[in-house]
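Student: What follows is the residue order along each chain.
Number of protein chains: 2
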Amino acid sequence: MLTDKHVVIIGGDARQLEIIRKLSALDAKISMVGFDQLNDGFIGASKQTMDDIEWSTVDAILLPVSGVSMDGKIETIFSNETIELELDHLKKTPNHCVVYSGISNDYLDHCTATADRSLVKLMERDDVAIYNSIPTAEGTVMMAIQHTDITIHRAKVAVLGLGRVGMSVARTFNALGAEVKVGANASHQLARITEMGLTPFDTSNLKDELKDIDLCINTIPALVLTSNVLTEMPLHTLIIDLASKPGGTDFRYAEKRGMKALLAPGLPGIVAPKTAGQILAEVLAVLLTKESIH
Amino acid sequence: MLTDKHVVIIGGDARQLEIIRKLSALDAKISMVGFDQLNDGFIGASKQTMDDIEWSTVDAILLPVSGVSMDGKIETIFSNETIELELDHLKKTPNHCVVYSGISNDYLDHCTATADRSLVKLMERDDVAIYNSIPTAEGTVMMAIQHTDITIHRAKVAVLGLGRVGMSVARTFNALGAEVKVGANASHQLARITEMGLTPFDTSNLKDELKDIDLCINTIPALVLTSNVLTEMPLHTLIIDLASKPGGTDFRYAEKRGMKALLAPGLPGIVAPKTAGQILAEVLAVLLTKESIH
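Protein chains in written order, with this note's numbering: chain L, 1 to 294; chain U, 295 to 588.
Below, computed lysine to any residue pairings styled on SDA-like, alpha-carbon distance capped at 25 Å:
id	chain 1	residue 1	chain 2	residue 2
1	L	Lys274	U	Arg448
2	L	Lys274	U	Thr525
3	L	Lys181	U	Gln572
4	L	Lys260	U	Pro567
5	U	Lys450	L	Val283
6	U	Lys505	U	Thr525
7	U	Lys554	L	Glu18
8	L	Lys245	U	Gln440
9	U	Lys568	L	Ala175
10	U	Lys475	L	Ala175
11	L	Lys274	U	Glu549
12	U	Lys568	L	Glu179
It should be emphasised that the hints constitute simulated quantities derived from the structure, not laboratory data.
Using the sequences and the accompanying hints, generate a full structural model.
Tutor: Okay, structure coming up:
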């Protein structure tokens, strides 16, 4: 339980509602900023403005997945007010106060460092990335069904990379009956791919390995699908690039050659916002409970 | 091989192209009617009109999946000509000539019976229905991802019916990590559901079994999701009805109660037309080869 814990939740999208729901169930004292157009009531949660908050009692501050802008502004879909996180707010908090954000930038790094407060970047955590790989894999399945005229079942699928996302995507397409091969370069990854019952190949040899592929899913955040590689692939191959922007595909060349290549970051918030919010809520609940014990 | 076999392929959609491709590869002599706007060339295939066909040499006639209209008209997407199948055409064929169609109606039944020619309804065949259940299951996955805000993974899914489609759908959602329960009434089906590692329940008890379900997929061609059953289901439950029209759901009541219920027949031709064509081509190739042997 989080009884007597004071948490400030600021702005954001539908995902924050799942977090409020969870922390409310755990009996936290919640101050919601940027939710004035929201009609749902949550036990123990009150709507406030940044100026109303009694910062000296705040144990944790929760920012949205997108964090803050370079001038400290916070996005919200439940308010028309402009909300801004200032260094002064942080300075007024007790020393043990922790700031949780999806991602960070120079502004937030600077603020938390100057105020000497801990900053947790949730989207960079391994557990969050692995949980999020589930809706990412499902979103990829949806796109593959929408953008091809064949079934995933029996399709020849290549997954590039066996990281947190690559493993989930490979497993999911294999479960749907696709013939899945996975490209990696570390020997322990090639071993794991084999153990999973999939076909491993070395990414140093991409040009030869993608010659008969129906669907290529990239998770490697580097330019791997170069014009040299693309030119050897079948024209009908669909490319879904899950690597963070700008992706790992030469999109200009793919378009020139008439190949369909889609950059698809941020799938969890799009295809399953409720689950994506629950993922963050579960991890936050554990983190806040642990902090309570120390 | 189908060397010396004369097959007339009439009208239809993209699926017929896969059939032409396959039979051409097997060396059949193909007369294509209703493809005058098609630019692809196929070896051994010539574009003709109904009047040009030398009916006395025809071993098989292939109609589209939709068959013919009640006045004998045949739909085509590669021609503006009106194409009509007449009793006289059939009468001119040799006795062993077989007519293959996706489905039939009174007109086609009457024509083939009067001419005393065999009629094979491909979509009613068990093998075709089972192969088609693969793209149907994938189309259902796509709709489930599109129309919910949660992941399929860990969702509570109920599948009604363990027929040709129900089994594939149940297996697919289970492979994606859903908690799948399957409703049936025959004891051997309840045994099979258990063997598959899924949770069986008796469909006589629907009202109590669907109280905590996120997604309900119906495959039973009878009104099973009545207002009595729907009224006990959670409001957020998504219903995907795969039973042939009019489906097994009281759609009027579902809408009145604010529940999302989707009737989704004919998914294979929509989500995977190429695979759907290949399915028919493979089955036809086997059937035509067998006829050659006799």
